[in-house]
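Protein sequences appear in the order of chains U and B. If you're matching positions, the first sequence starts at 845 in the numbering used here and goes up one per residue. If you're matching positions, the second sequence starts at 845 in the numbering used here and goes up one per residue.
Be aware that one or more of the hints could be misleading.
One copy or two, either will do: identical chains are not told apart, so a pair holds if it fits within one copy or between any two.
Lysine-lysine pairs mimicking BS3-like chemistry, simulated, CA-CA at most 30 Å apart [stated by the list, open to error]:
1. K1138 - K894
2. K930 - K1097
3. K883 - K894
4. K1047 - K1077
5. K930 - K1096
6. K1099 - K930
7. K993 - K1038
8. K858 - K943
9. K887 - K1077
10. K993 - K1138
11. K883 - K1014
12. K1099 - K894
13. K1014 - K1099
14. K887 - K1096
It is worth saying that the hints were derived from the structure and are not from the lab.
Chain residues, written in single-letter form:
Number of protein chains: 2
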Amino acid sequence: MSKLYGGIEAGGTKFVCAVGTGPDDLRDVVRIETTTPEKTFAKVIDYFQKQAAAGNEIASLGIASFGPVDVHPESETFGSITSTPKPGWSHTDFLGTMKNALQIPVAFDTDVNVAALGEQTWGAAQGLDTFMYLTIGTGLGGGGFVNGKMMHGLVHPEVGHIRIPHDLTKDPYPGSCPFHGDCLEGLACGVAMKQRWGIEGQKLPPNHPAWELEAEYLAYALVNFICTISPQKIIMGGGVMQQETLFPLIRKKVKDLLNNYVGSEAVQENIDQYIIPPELGNRSGILGAIAMAKQI
Amino acid sequence: MSKLYGGIEAGGTKFVCAVGTGPDDLRDVVRIETTTPEKTFAKVIDYFQKQAAAGNEIASLGIASFGPVDVHPESETFGSITSTPKPGWSHTDFLGTMKNALQIPVAFDTDVNVAALGEQTWGAAQGLDTFMYLTIGTGLGGGGFVNGKMMHGLVHPEVGHIRIPHDLTKDPYPGSCPFHGDCLEGLACGVAMKQRWGIEGQKLPPNHPAWELEAEYLAYALVNFICTISPQKIIMGGGVMQQETLFPLIRKKVKDLLNNYVGSEAVQENIDQYIIPPELGNRSGILGAIAMAKQI
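Using the sequences and the hints given, assemble the complete structure.
What follows is the structure, given as C-alpha cells:
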C-alpha cells in the first residue's frame, strides 16, 4: 500500500486539513474554525489521529500557515507564527505542537509559498523556477519561487504591503491597513473594497466602477513584481479574483503600464497565459501542503 | 604561476576592462569610451590581446553589461544586448564577439547582478544568499541574488521601472523616463535630479531640499523591495549615492514607512548595517566580473 500524506492550510478564519496523495486522491478533507491556538490545534490533532485510527495513517505532514511566520529551519522559533495582529496567535509554536502530538516529520511554510508549490507540482506553474502566487481575498498576500526555491530571504515576502500610486482626487478612500493606510493591501484587499463601496466586493456587479479601480491597483502591483522579480508567470487567486471581469482588465492595464519596456513575448504577446488564475482553483494551498509533506 | 582572469564592466558611457585575480591583485585597469559596438569591442579586444602579449594572459573573462541583455544560457541570443534605446547597440552579440576574438571561456550577466557577485565574493554581502545591489547614477538599476543565485527569471529585474507614490502637489516634475514618465528611475535618477533642480545632483549642497525628496523616493522603492524579495541586505551605490546625507535620510524613511511591520532585528534595530554602501566602492562591478570569470 502506498503512503498517505497530511496537509494543513491554516487561515485566519478556518483551517483546512486533508489526507491524501494528490489532486486525484484526496481521501478526506475537513474544515475547522480558527478560534484560539489551543482549541484549533486540539481539533486538528484529533482529526489526524481519528484518520489514522480509520486506516488513513499519514507518513508526514505539510503546513501552509497564515503569517507572519518563521520559515528558517536554522532558527530557534522555526515553524512559529510570530507577531500577528490576530489576538492570541502571536508566538505560537505551530510546527512543534504538531510534531509532538503526531510524532511524524512536519514541513512548514507560508500559505502563499505552499500554494505556489501546489501549482508548481500539479497546476499552472509546472516546470517553472521563478513565479509568483498571489491571493486577493480578505487580505492580500503573495509568495512563490525564485531560482527554484520558495521565497524566504530575511523573513519572507509581505507583498501586500508595497506602496503604489494612489490618486486621492480619484479615490479619496484612505486605505484599510492598520500599519500603512494605503499600501497595496490597504487599497485593494476585500476589506478595502467593502469599506470603500459599502458592500462586499463579491456582491458588486461586473460593470461597477469598483473593478476598474481594483484592476488599476493590482496592475500597479504586478508591474512592480514584474520589474523586481521578473516572474515567468503570475498566478492570482482568492475571493476577489472570482470576479472574472478582473483578469482582462488587469492584463490590459499591465501592458499599458509596462509600455513595451519588458521585451518578452510572454508579456507582450501572451499575457493571457502570463497572468492567470490557479489551475487547482481553491485547492492550491491544501494540495501544496500535501506536496510539501511528500518532499520530506 | 597562478591563473589570471579578465573582467569587463560595460556601461553606457565607458567600458572598464581589467586583468587580475581579486581586490588586492588588479594587475591592470583601463577605461574605454563607449562609442559604436564595432569600435568599442575592437578596442576591448585589442586591450586583452596586448595584455596577453605583455605576459598578462587571461584564462577566462567575465562580462558585466548594461542592458537589457539576454542572460539565459539556453537562449539563442544569450550574451546579447537586446532592445536598448542606446543608438546602435540593440541586438549586439557581446558574448559571442568576445569569445570568437579571444578564444577563451566567457561568462556574462547584467552589470548590477555582477556587481552583486563582487560584493558577495569580497565585499558587504559575504555569506548572504538573498540580497540586492542597487545603483543610482545617470540611470537607476538593480539586481542581486535570491536563494543563492543571480536574479534572472523571465528576463532579469528592471527595478528602476517600478511605480511608487508621487505627490504632484509637492513635486510637479513629471519624471524623466521615456517609457513611464514618473516611475522610480523617472523620479529619482541623476537625469531626473538635474532636470528637476536645474543643476547636477552631485553639485547640490547637503542641506538642499532635493535630498529629502530623493530619500523619500528611494525609501518607497526600498520598502517595496523589502516587502517583495525580503533581502538580507540592500547595497546602494552609484554617483547619486555619493552624497552622504542620503543614507541616514533613507534609513529613517524606510523605518517610518514600514512602521514596525517587518519583524526583523536587521530592519528594526540594525538598519545602519542593513542599507549600506558597497564595500568595494566603485569597483564592485569590475571585481564581480573577475569573480565571475574565476567561477567558469
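Hints, one by one, checked against the model:
no., hint, in the structure
1, K1138 - K894, "within (21 Å within a copy, 58 Å between copies)"
2, K930 - K1097, "between (34 Å within a copy, 27 Å between copies)"
3, K883 - K894, "within (16 Å within a copy, 76 Å between copies)"
4, K1047 - K1077, "within (29 Å within a copy, 43 Å between copies)"
5, K930 - K1096, "between (36 Å within a copy, 28 Å between copies)"
6, K1099 - K930, "between (37 Å within a copy, 23 Å between copies)"
7, K993 - K1038, "neither (35 Å within a copy, 41 Å between copies)"
8, K858 - K943, "within (21 Å within a copy, 58 Å between copies)"
9, K887 - K1077, "neither (37 Å within a copy, 41 Å between copies)"
10, K993 - K1138, "both (16 Å within a copy, 26 Å between copies)"
11, K883 - K1014, "neither (45 Å within a copy, 52 Å between copies)"
12, K1099 - K894, "neither (51 Å within a copy, 48 Å between copies)"
13, K1014 - K1099, "both (22 Å within a copy, 29 Å between copies)"
14, K887 - K1096, "neither (45 Å within a copy, 45 Å between copies)"
Consistency with the previously given hints fails for numbers 7, 9, 11, 12, 14, ordered from lowest to highest.
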